[in-house]
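Student: One letter stands for each residue in the lines below.
Number of protein chains: 2
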Amino acid sequence: MRFLHTADWHLGKKLHGFDLQAEQQTAYEQILQLALTEKVDAVVIAGDLYDRAIPNETAVKQLNAMLIDLNLKHQLPLLAISGNHDSAARLRTGSDWFKATDFYLHTTVSQALTPVTLGDTQFFLLPYFEPFEARQYFQDETIKTVQQAMVKLVAAMQAQFDPTKKHVLVAHFFAAGSTHVDSETQVTVGGLNAIPVDLLAPFDYVALGHLHGKDALHADRVRYSGSPVKFSISEAQQTKGVWIVDTDPFAATFKPLTPLRDVRVIKGAFADLTQPAFYQQQAQDDYLSVQLTDQQVIPNVMAALREIYPHIIDLERVNGPVVTDNLVTKVDPNLDPMLLMQAFFEQTTDQALTKQQTHWAQAALTAANKEA
Amino acid sequence: MRFLHTADWHLGKKLHGFDLQAEQQTAYEQILQLALTEKVDAVVIAGDLYDRAIPNETAVKQLNAMLIDLNLKHQLPLLAISGNHDSAARLRTGSDWFKATDFYLHTTVSQALTPVTLGDTQFFLLPYFEPFEARQYFQDETIKTVQQAMVKLVAAMQAQFDPTKKHVLVAHFFAAGSTHVDSETQVTVGGLNAIPVDLLAPFDYVALGHLHGKDALHADRVRYSGSPVKFSISEAQQTKGVWIVDTDPFAATFKPLTPLRDVRVIKGAFADLTQPAFYQQQAQDDYLSVQLTDQQVIPNVMAALREIYPHIIDLERVNGPVVTDNLVTKVDPNLDPMLLMQAFFEQTTDQALTKQQTHWAQAALTAANKEA
Numbered sequence: 001m002r003f004l005h006t007a008d009w010h011l012g013k014k015l016h017g018f019d020l021q022a023e024q025q026t027a028y029e030q031i032l033q034l035a036l037t038e039k040v041d042a043v044v045i046a047g048d049l050y051d052r053a054i055p056n057e058t059a060v061k062q063l064n065a066m067l068i069d070l071n072l073k074h075q076l077p078l079l080a081i082s083g084n085h086d087s088a089a090r091l092r093t094g095s096d097w098f099k100a101t102d103f104y105l106h107t108t109v110s111q112a113l114t115p116v117t118l119g120d121t122q123f124f125l126l127p128y129f130e131p132f133e134a135r136q137y138f139q140d141e142t143i144k145t146v147q148q149a150m151v152k153l154v155a156a157m158q159a160q161f162d163p164t165k166k167h168v169l170v171a172h173f174f175a176a177g178s179t180h181v182d183s184e185t186q187v188t189v190g191g192l193n194a195i196p197v198d199l200l201a202p203f204d205y206v207a208l209g210h211l212h213g214k215d216a217l218h219a220d221r222v223r224y225s226g227s228p229v230k231f232s233i234s235e236a237q238q239t240k241g242v243w244i245v246d247t248d249p250f251a252a253t254f255k256p257l258t259p260l261r262d263v264r265v266i267k268g269a270f271a272d273l274t275q276p277a278f279y280q281q282q283a284q285d286d287y288l289s290v291q292l293t294d295q296q297v298i299p300n301v302m303a304a305l306r307e308i309y310p311h312i313i314d315l316e317r318v319n320g321p322v323v324t325d326n327l328v329t330k331v332d333p334n335l336d337p338m339l340l341m342q343a344f345f346e347q348t349t350d351q352a353l354t355k356q357q358t359h360w361a362q363a364a365l366t367a368a369n370k371e372a
Numbered sequence: 001m002r003f004l005h006t007a008d009w010h011l012g013k014k015l016h017g018f019d020l021q022a023e024q025q026t027a028y029e030q031i032l033q034l035a036l037t038e039k040v041d042a043v044v045i046a047g048d049l050y051d052r053a054i055p056n057e058t059a060v061k062q063l064n065a066m067l068i069d070l071n072l073k074h075q076l077p078l079l080a081i082s083g084n085h086d087s088a089a090r091l092r093t094g095s096d097w098f099k100a101t102d103f104y105l106h107t108t109v110s111q112a113l114t115p116v117t118l119g120d121t122q123f124f125l126l127p128y129f130e131p132f133e134a135r136q137y138f139q140d141e142t143i144k145t146v147q148q149a150m151v152k153l154v155a156a157m158q159a160q161f162d163p164t165k166k167h168v169l170v171a172h173f174f175a176a177g178s179t180h181v182d183s184e185t186q187v188t189v190g191g192l193n194a195i196p197v198d199l200l201a202p203f204d205y206v207a208l209g210h211l212h213g214k215d216a217l218h219a220d221r222v223r224y225s226g227s228p229v230k231f232s233i234s235e236a237q238q239t240k241g242v243w244i245v246d247t248d249p250f251a252a253t254f255k256p257l258t259p260l261r262d263v264r265v266i267k268g269a270f271a272d273l274t275q276p277a278f279y280q281q282q283a284q285d286d287y288l289s290v291q292l293t294d295q296q297v298i299p300n301v302m303a304a305l306r307e308i309y310p311h312i313i314d315l316e317r318v319n320g321p322v323v324t325d326n327l328v329t330k331v332d333p334n335l336d337p338m339l340l341m342q343a344f345f346e347q348t349t350d351q352a353l354t355k356q357q358t359h360w361a362q363a364a365l366t367a368a369n370k371e372a
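Residue numbers (UniProt numbering), protein chains in the order written: chain A, 1 to 372; chain B, 1 to 372.
These are computed hints drawn from the structure, not numbers from a lab. Among the clues, some could well be false.
Claimed, not checked - Calculated cross-link-like contacts (lysine-lysine; reagent style BS3-like; alpha-carbon spacing at most 25 Å):
no.	chain 1	residue 1	chain 2	residue 2
1	A	61	B	370
2	A	14	A	99
3	B	166	A	99
4	B	73	A	99
Stated by the list, open to error - Among chain B residues calculated to face chain A with C-beta under 8 Å, some are:
no.	residue
5	52
6	54
7	68
8	69
9	72
10	74
11	75
12	87
13	94
14	98
15	101
16	200
17	267
18	271
19	279
No residue lacks a Cβ here, since even glycine has one placed at the ideal position from N, Cα and C.
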C-alpha cells in the first residue's frame, strides 16, 4: 500500500486579508499530480479541510470540486477526517454515499473504531474530538482529557487489529514533542491536550494533521504532513509538501510543493528595497513581511512599498522608530503644532494623516488654542 | 410511475421563536410512511429543503438523517432541487455521489436540461434560479426575467422529450394564478416573475414548490404540494400534506398530514379563554394566535395566557383597546400621573411596566414636574 499524506488545507483561509484560493488551488493541482505520478493507492487528508465551521461558498465550491476530481474523476480512494477548524456535522454531509466509491470521511469518534481496509492496510480514521465525545462513547466519566481518551481509543483500535495487515492511524491533534507556530488554533502546548508519541507506538504509521510544519515532530512513524500552503509569516521558513508513504517495506518520502506566491521576509532600508536593481531580482508578487531598518519618518511608507510589492502582509521597524526623546529634543519652539503632529503620526504609524484625520487634528488644535 | 410530491420543508425554520424541529420530524415520518404504504417509485422534493442558505447544525443533521433514511435505508429514489431559501452551492455538496443510488439533486440550470428517466417518466429537475443564470447558460442577453428564461427552458426540455415517456417538471417558482401568503420570501405577485401556467402545458405534471398552500393554484396538472408544516398564522386554514401522483393513467391524490402541534386562531374574552371548562377542551399546546375581544386593561395578559397556552405566537385585540377618548374623558384631575401612565401602558401593550420602565417613568415625571 502506498498513500499520499496531506492535511490542513484550510480552504477559505485569508492571509492578512489576501484570499488564498489561487495558492490552494495550485497546491491541490500539484498534490493530484503527485498522487497520479507516484501511483498511490489512496490519498489521506488528516483534517482541517476548511478553515472554519461555516466556510464561504467559494471554499465550499472549491473543496467539492477537488473531492469530485480526486475521487470520481481520478478514482483515487480518499481517507479523510474532520479537524478542529471543520464543523464535523456540516462536513459529514454526503459521506454516507461517498463510501461506495472508496471515499471514507469520518467525523465521529465511533467511526474511528471501524477500520477501513484498503490493500494490505487497516486505516483508523479518528477525527478531531473533544473529551466529552469520548466520555459519551465509552460511557466513562473518568475521561477528562484527550490524552485519557486516546489511551482507551488506541486500545479499542488494537482490539480491531488484523495481524495480517499494517495499521495506520489518521488523526488531528497535538502530539507531544511538536513545536508550535502562529496560524493554528490555540492548543495547550505540552499540557493536558498533548498526546504522547509513545502512546501511538502500536501503529505502523500515524498520519497527523493540526500542526502546519512537517518538522513539528521528530518521529519516524508519526508525522505531520504540514499544510500544503504557508498560512502565516511564522511558516516562512517551512518547506511545504506531502508525504508519500509505503507500508511494506515502510518508507516515507517528502515531496515538496512549489508555491504560486511564497511567504517571505525581506529586510532592508527603504531606499534599498525601492531600488529597481534590488526589487527586479525579487518575486515582487510574494506575500512579504517587510522588516525596515530605517528609523526616520517615511511618509506613506506602506503605500509606497505596495506600489512595488503588492502583497505585503506585515511591516516592521526592526530598529524601532526614532525614539521620542529625539523628537522632543529636536522640537523647534517655532514649529507649527500641526506639522509636528503630522510628523509624529507618520513616524509612529508609517502612514500619513488622512484628510479626515487632518481635519480632526486641526479641530483639536484649534480647541486647545482657545482654551490656552 | 407513482411518486410522492412534497416541497418547502424549510428545515431550521422558527415560528415566532419556537423551534419547529419536532413538527418537521413528525411530518417527515408521516411522509416516509406514505411513501412506503403507497409504494411510490420515487419521492420528489421541489425545493426549500432548508429555511436559509446557512442552516444551523441541527437542521443540517436533521436533513442529512432524513435523506439517508429515505434513500439509503429505504432505497427510495429521490428527485430534489434547491429552492430560493437554499444555497445551491452548499446544498450541492455530495450530489455527484448521490446519483449512484438514484438520488438526483439538481442545483444548476444546466442540470435541468438533462432529464432523469425513472420507469415510464422523464423528470426535468429545475432548481430555483435567477435570470442571470439562464442568460449565462443560453448566452442570450435578451433574457431579463424568469418568464423569458422559462420560454427557452421549456423549449430546450421539449427537445429532450422521449415521446414514449411521460414528462414531469419539478420546479420552484411562482406560477401565475397562485395566491400568496406571509411566510414565503417576497416575490412579485403576478408581475414579471410569475410563470404563466399555460407555458407549462407540455408537461404531464409539474411538481411545484415555493408557495406553501396546496390550493395556491387551480390547475389539474400543475400543482403546489405546499409545505408539510404550517409556517405562519396565515397558513392556519390550510390542510397540509403531499400529493401521490400516478403518471399513467394520470391521477393526483392529496394525502393530509397530522401536525404534532397545529397552528390555530382562538378568539374570545380573557375571562372565557382562561376558564378551565373552555381550555380543557383545547389542544393547549398548539401554536396559537389569540384574538382577544376585551377592550379593558388586563395586567400581564401575555404571561397569564401563556400559563395556559405555552405556544402563543401572536396576541391581537380584535376590538381595539379602550379608545383614548374614553381614557381622557375619564381622567380624574386628582389621579396620580404615575398611575395614569401605568394604566395607559398596560392598556396599549397588554404588559405591566417593568421595574426599570417604572424607574424611567418616575424619573421622567420628576423631571417634568421640575420644569413645570
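Student: For each hint, tell me whether it holds in the structure or not.
Tutor: Status of the hints after comparison with the structure:
1. A:61 <-> B:370: Violated, at roughly 66 Å.
2. A:14 <-> A:99: Violated - the C-alpha atoms of residue 99 of chain A and residue 14 of chain A are around 32 Å apart, more than 25 Å.
3. B:166 <-> A:99: Violated. Residue 166 of chain B to residue 99 of chain A sits at ~34 Å, over the 25 Å cutoff.
4. B:73 <-> A:99: Since the Cα atoms of residue 73 of chain B and residue 99 of chain A sit roughly 15 Å apart, the hinted pair holds (cutoff 25 Å).
5. 52: This hint is violated: residue 52 of chain B lies away from chain A, its Cβ roughly 12 Å from the closest one there, beyond 8 Å.
6. 54: This hint holds: residue 54 of chain B lies near chain A, its Cβ roughly 6 Å from the closest one there, short of 8 Å.
7. 68: At 5 Å from the nearest chain A Cβ, residue 68 of chain B passes the 8 Å test, so the hint holds.
8. 69: violated (10 Å)
9. 72: holds (6 Å)
10. 74: violated (13 Å)
11. 75: violated (13 Å)
12. 87: At about 6 Å, which falls below the 8 Å cut-off, the nearest Cβ of chain A leaves the hint on residue 87 of chain B intact, so it holds.
13. 94: Constraint on residue 94 of chain B satisfied, holds at 2 Å.
14. 98: holds (5 Å)
15. 101: holds (7 Å)
16. 200: Violated, about 31 Å.
17. 267: violated (42 Å)
18. 271: Since chain A brings no Cβ nearer than about 48 Å to residue 271 of chain B, farther than 8 Å, the hint is violated.
19. 279: With a closest approach of 40 Å, the residue 279 of chain B hint is violated.
Hints 1, 2, 3, 5, 8, 10, 11, 16, 17, 18, 19, counting from the list given before, are not met by this structure.
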